[in-house]
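*Asks:* Protein chains in written order, with this note's numbering: chain A, 20 to 404; chain B, 546 to 644.
Rather than coming from a laboratory, the hints here were simulated on the basis of the structure. Honestly, I wouldn't trust all of these hints.
[As the list claims (entries may be wrong)] Derived coverage of chain B by chain A (criterion: at least 3 residues anywhere in the stretch with Cβ under 8 Å from a Cβ of chain A; other residues may be distant):
hint: 1; segment: 585–593
hint: 2; segment: 607–616
hint: 3; segment: 631–639
Source: prediction; values computed, not measured. Using N, Cα and C, we set each Cβ at its ideal position, and we do this for glycine too.
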Amino acid sequence: MDLKGYFREDGSAGIRNHLLVIPASVCAATVASRIAEQVEGAVYLPNQHGCAQIKPDLDICFRTLAGFGKNPNVGAVLVIGLGCESLKAEALAQDIAMSGKPVECLVIQRCGGTLAAQARGLRTARQLSEKISGQGKTHFEISELIIGLECGGSDTTSGIAANPVQGTVSDIHINNGGTSILSETTELIGAEHVLARRGISEKVGQDLLDIVNACEKRAMRMGVDLRGSQPTPGNIDGGLTTIEEKSLGCIYKAGSSHLQGVLEYAQTPTGKGLFMMDTPGQDIESITGMVAGGAQLVLFTTGRGTPTGCPVAPVIKLTGNPATYTTMEENIDLNAGNIILGDETIEECAERLYALVLEVCNGKFTKAESLKHREFGIYKLTSTF
Amino acid sequence: MKNNALVVHREDDVATVLENISEGQTVRFLLGGREYTLRSLCPVPFGHKIALRTIEEGHTVRKYGEDIGRSTEKIEKGYHVHIQNLESTRARGDREDAE
Numbered sequence: 020m021d022l023k024g025y026f027r028e029d030g031s032a033g034i035r036n037h038l039l040v041i042p043a044s045v046c047a048a049t050v051a052s053r054i055a056e057q058v059e060g061a062v063y064l065p066n067q068h069g070c071a072q073i074k075p076d077l078d079i080c081f082r083t084l085a086g087f088g089k090n091p092n093v094g095a096v097l098v099i100g101l102g103c104e105s106l107k108a109e110a111l112a113q114d115i116a117m118s119g120k121p122v123e124c125l126v127i128q129r130c131g132g133t134l135a136a137q138a139r140g141l142r143t144a145r146q147l148s149e150k151i152s153g154q155g156k157t158h159f160e161i162s163e164l165i166i167g168l169e170c171g172g173s174d175t176t177s178g179i180a181a182n183p184v185q186g187t188v189s190d191i192h193i194n195n196g197g198t199s200i201l202s203e204t205t206e207l208i209g210a211e212h213v214l215a216r217r218g219i220s221e222k223v224g225q226d227l228l229d230i231v232n233a234c235e236k237r238a239m240r241m242g243v244d245l246r247g248s249q250p251t252p253g254n255i256d257g258g259l260t261t262i263e264e265k266s267l268g269c270i271y272k273a274g275s276s277h278l279q280g281v282l283e284y285a286q287t288p289t290g291k292g293l294f295m296m297d298t299p300g301q302d303i304e305s306i307t308g309m310v311a312g313g314a315q316l317v318l319f320t321t322g323r324g325t326p327t328g329c330p331v332a333p334v335i336k337l338t339g340n341p342a343t344y345t346t347m348e349e350n351i352d353l354n355a356g357n358i359i360l361g362d363e364t365i366e367e368c369a370e371r372l373y374a375l376v377l378e379v380c381n382g383k384f385t386k387a388e389s390l391k392h393r394e395f396g397i398y399k400l401t402s403t404f
Numbered sequence: 546m547k548n549n550a551l552v553v554h555r556e557d558d559v560a561t562v563l564e565n566i567s568e569g570q571t572v573r574f575l576l577g578g579r580e581y582t583l584r585s586l587c588p589v590p591f592g593h594k595i596a597l598r599t600i601e602e603g604h605t606v607r608k609y610g611e612d613i614g615r616s617t618e619k620i621e622k623g624y625h626v627h628i629q630n631l632e633s634t635r636a637r638g639d640r641e642d643a644e
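Required output: the full structure, derived from the provided sequences and hints.
*Replies:* Shown next, in the form of structure tokens:
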């Protein structure tokens, strides 16, 4: 299949062409949302942070918002600031503008309040929307695609059917020169030794063990059993008993490719192939981190069924549980439920999923896109102050 | 008859059942190309685990050929293996010996 996408000045290729309205802080979020609502092709980020955060958290917030702005699926950006927040709107706009795409910025306190900022923002957003709408699609290579690998609402079918299918597709993609990002550090607890052996160097293996160890220590400092948070009550109903069992099923998402490196939350992969990003097991924050790191498309396996999407990247969902596909078909793109029934092999199902990936690259809506599921959440280390 | 359970790895202590299993029902699965059967001692819901052998209290339980936790009581062959008799050994901040 010939793939057509949107060429970006920095050499990347997008499979969507959104105008992204980014509030620099929670205080600018309402104005940003109202502007995006009224302009065709615009989406906004429901940012809950950006002020009164300690520096490591503020850095994560900045990197995430900047990463969304630079994501190849974004054609133009409008940054909205309040004016007095820690995360400076102008600095964010300048950082995104280094990608070469059109970026505008306005500050509510300088505009003179909500209504004046909205009026100015709407005029600017309309111009940006018109500008990017005229951009034609050109051929792009599948090797330019970064796929985010996610699972959520897992049950035991995830580890034996849907995750192996996703892992097979990730391996095919990497063999074709592409890049995949595995995520959810919490869901490596108990399986990290298996994945660490696949590191391209001793250092990469050790980096992986280090992030899992740090994650486990953070959980233990709370003085409680992780169970109830991980596995979740839904995981437990679905037959998953311990975090070790959940994790051993989760790592099938990453297929059998070698691990090229370990990334910080919202960091861009440093090369091609399989990378691990240090994100929490919470789906929305995990997807947000990978898309901020440049993933243009997300594969998402679910056992219990989940509606999750993303503001700028298509999220393709599949389930290995035939009953879940029947009850939640409107949210799930691909039924991998025939595997446990013995009616389809993992390889056959992976072929169907890969074909769907190519169709979605060429513009076909995922179910999360058609239902405007645009969940967004930034990972935080600690409280606000 | 179709198999109604799956063993992921030959060293596993548990099988995953692929339908709701009632007490006394025969569970069928493949292991190393051979078909085996097992009689369930209690109901086991779809997707949950059944013990392939008797597991003594305090033993490591294996699935995917790896350690998935420790038994908190003796688990008879054919019994449902879940949170009532299997616990995690990781991220246990609730334990007194936790750091």
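*Asks:* Now, for every hint given, state plainly whether the structure supports it.
*Replies:* Each hint tested on the structure:
1. For a cut-off of 8 Å, the count of residues in the segment 585–593 of chain B with a CB near a CB of chain A stands at 4, and the three-residue condition holds.
2. As drawn, the segment 607–616 of chain B meets chain A at 6 residues by the rule of a beta-carbon pair under 8 Å; at three or more, the given contact holds.
3. Coverage of the segment 631–639 of chain B by chain A holds in this model, with 9 residues showing a Cβ closer than 8 Å to a Cβ of that chain against a need of three.
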